[in-house]
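Going down the list, the sequences are from chains V and D.
This note's numbering puts the first sequence at residues 1 to 341.
This note's numbering puts the second sequence at residues 1 to 254.
Calculated directly from the structure, the hints in this document are not laboratory data.
It should be emphasised that the depicted structure is a prediction, and the values quoted were computed from it without experimental measurement.
Just so you know, even glycine gets a beta-carbon here, dropped at the ideal spot from N, CA and C.
Among the hints, erroneous ones may be present.
Unchecked claim - Incomplete in silico selection of chain V near chain D, CB under 10 Å:
| id | residue |
| --- | --- |
| 1 | N81 |
| 2 | L97 |
| 3 | A106 |
| 4 | A111 |
| 5 | A115 |
| 6 | S117 |
| 7 | R127 |
| 8 | V133 |
| 9 | G172 |
| 10 | G185 |
| 11 | L186 |
| 12 | L215 |
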Amino acid sequence: MRCPPVARRGVPIPTASTVSGSPPPSGAVRLEVDGLSKSFGPVHAVSELSFTVEPGSVTGFLGPNGAGKTTTLRMVLGLMNPDAGTATFDGTPYAALPTPLRTVGAVLETAFHPARSGRNHLRVYCRAAGLPVSRADEVLVQVGLADAGNRRAGGYSLGMRQRLALATALLGDPAVLVLDEPANGLDPEGIQWLRGFLRHLAHEQGRTVLVSSHLLSEVEQTVDRVVIVGAGRLVREGSMEQLRSGADGAGTVLVRGPEMGRLAAVLSAAGTNVSQDDGVLTVTGSTPAEIGHRAFAAGIELHELRPRTSGLEEIYFQLTSGQEQFAAPPAGTTVAQEAAR
Amino acid sequence: MIRLVRSEWTKLFTTRVWLGLLIGACLMVAGFSALIVGFAGAEQNGQPGLPAVGDPRFEHVAFAVSTNAIVLFLILGIIGMTQEYRHRTATPTFLTEPRRWRVVAAKLGGYALVAVPFAVLVLAVNVLVVTVYAGARGAAPSLSGENLRIVLTSGLVLVIYAVIGVGVGALLKNQVGAIVGALVYLFVVEGLVRSIPATSGAYKWMPGGAQEAMTATFQGPDLLEAWQGGLLLLGYGLLAAVLGTVLAVRRDVV
């Protein structure tokens with residue numbers, strides 16, 4: 001179960017207008033992607049993709065491998081030239097940002113010179129961005145790598161590499177964070193830490209966070225909004241609640257108890273669709289409230305009464321797998337290109 | 001731009017590649033300097049070989065020995081550029097400075113500046129070995145006039161080759177390919193062109209010919225004037241730099 005931040009932290013989710021308490025130095029910045037397209041030869045890696053990422057929330061950028069996520073992020077960050085469309089941070093493309101590292105922090109891949117220490121790796125980019133080299137030590141502490149800073153990055157574990165990449169993104173204390181599969185290689189403890197960290201950056205500091213993943217379950221507990229892509233096209237954009245309500249499980253209720261036969265008869269008599277399997281009653285076309293009321297009125301004991309919400313992963317799968325099948329040959333080529341990187 | 005150059009220096013001096021290349025260059029030049037002095041005046045298959053110690057022609061060739069280290073300065077520049085692609089640090093580098101021409105310019109300038117003290121050290125090794133050894137053999141050459149000019153232009157050649165290396169690295173991106181290509185070019189292609197009569201006329205227009213024209217040569221082919229050779233070599237350096245910059249700016253970083 002996703003724990004709503006409101007209950008856990010006891011504070012309302014900050015929005016762009018309410019973050020004035022502790023805003024990042026550079027202020028809230030909105031990322032706007034408009035009609036982005038990119039082809040590699042005959043393969044349409046990204047086609048007319050548009051979405052926005054709002055400050056103060058964590059947005060999940062989801063899609064199967066080869067859906068064009070990495071290509072999109074590389075265009076957003078000015079590393080690839082789009083065939084068409086724009087990606088802007090408060091109206092400015094990445095390449096035109098006066099101080100890019102202070103505005104946007106990005107983790108695209110865990111890329112280090114293996115012989116250089118983690119601390120020196122960070123110092124390289126402090127120098128290049130005109131930041132004080134002391135920032136290197138600060139972000140090392142922030143991501144929990146303070147003790148490993150003097151070791152060669154080549155000797156880091158996968159999880160430590162992810163943390164160092166995240167540290168690089170945090171150097172400029174940016175208003176926007178763009179992270180490509182940041183949970184790769186993290187152990188469960190690391191993933192939990194990352195979740196809390198990203199939510200803190202977005203909800204309490206009002207930053208804009210975009211995090212890509214090919215697994216909904218991986219970011220389900222972290223993100224507030226989702227942008228789902230398949231075969232380079234936008235499949236769904238909206239809040240997690242909207243995604244949940246659109247799940248196939250909506251309207252299906254599971255009931256458990258000692259008298260399910262009698263309840264089935266009562267509900268059938270009321271014209272509801274009922275099926276019984278292994279002591280569990282599956283009711284469609286009704287609500288938990290209605291079923292509970294009828295059971296109460298008939299004096300039937302209930303042990304469990306819940307809407308089926310496990311359809312979230314299913315709807316994600318339906319949304320994306322259909323796209324992939326439709327575009328199997330070109331999508332396969334893109335996967336190969338991404339794998340060859 | 002200064003911060004980008006400093007960033008390049010941090011990159012260079014936080015791994016040990018520079019140390020290996022510098023020590024290699026010093027050892028190489030020390031060895032060749034000793035060989036040149038050692039074989040001065042010796043006969044080759046009954047033919048007169050190198051001029052004897054004390055002969056100005058010997059002194060010119062002996063003070064141009066530093067240019068043997070061009071291969072290591074070339075590799076220094078190549079590694080400086082291609083490590084970004086090899087270790088994928090091109091991504092954070094270009095994220096930090098999206099105007100990529102500035103990154104390449106900082107590398108070109110940064111490596112040219114770093115190559116100056118490196119070259120001075122290599123020249124010092126050459127001058128030291130030649131002066132001491134030739135002195136022991138009877139006539140220590142003076143570091144003045146034409147001799148001094150050759151020492152200084154040899155240093156300039158080394159610096160230019162570091163710049164060419166950065167440009168070649170930006171062109172080829174593949175570190176191993178660029179280094180192997182550079183070695184093959186320097187040790188095979190130029191040598192063949194220089195020694196085959198039909199093609200030796202073109203040699204003076206090649207980087208090696210320009211370098212020989214700038215410094216000193218022995219039993220060499222037809223060459224340009226020294227200043228022409230200097231301009232030509234600088235031209236090659238600039239060409240590599242411009243081509244490398246244009247490609248680095250236009251290409252997608254994947």
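Cross-check of the supplied hints:
Satisfaction of the interface hint for N81/V is found here, the shortest Cβ-Cβ separation to chain D being roughly 6 Å, below the 10 Å cut-off. A least Cβ separation of about 7 Å between L97/V and chain D falls short of the 10 Å threshold, and the interface hint therefore holds. Hint status for A106/V relative to chain D: holds, with the closest Cβ pair at about 6 Å, below 10 Å. With a cut of 10 Å, the hint placing A111/V at the interface with chain D holds, because the nearest CB-to-CB distance is about 3 Å.
Because the closest C-beta pair between A115/V and chain D is about 4 Å apart, less than 10 Å, the hint holds. Because the smallest distance between the Cβ of S117/V and any Cβ of chain D comes to about 7 Å, under 10 Å, the interface hint for this residue holds. Taken as an interface hint, R127/V checks out: its beta carbon lies about 4 Å from the nearest beta carbon of chain D, inside 10 Å. Look at V133/V: its Cβ gets to within about 9 Å of chain D, closer than 10 Å, so that hint holds up.
About 9 Å separates the beta-carbon of G172/V from the nearest beta-carbon of chain D, less than 10 Å, and the hint is met. Checking G185/V against chain D: minimum C-beta separation of about 16 Å lies over 10 Å; hint violated. Taking 10 Å as the C-beta cut-off, the interface hint given for L186/V is violated, the closest approach to chain D being about 20 Å. Interface restraint check for L215/V: the shortest CB-CB distance to chain D comes to about 23 Å, outside 10 Å, so the restraint is violated.
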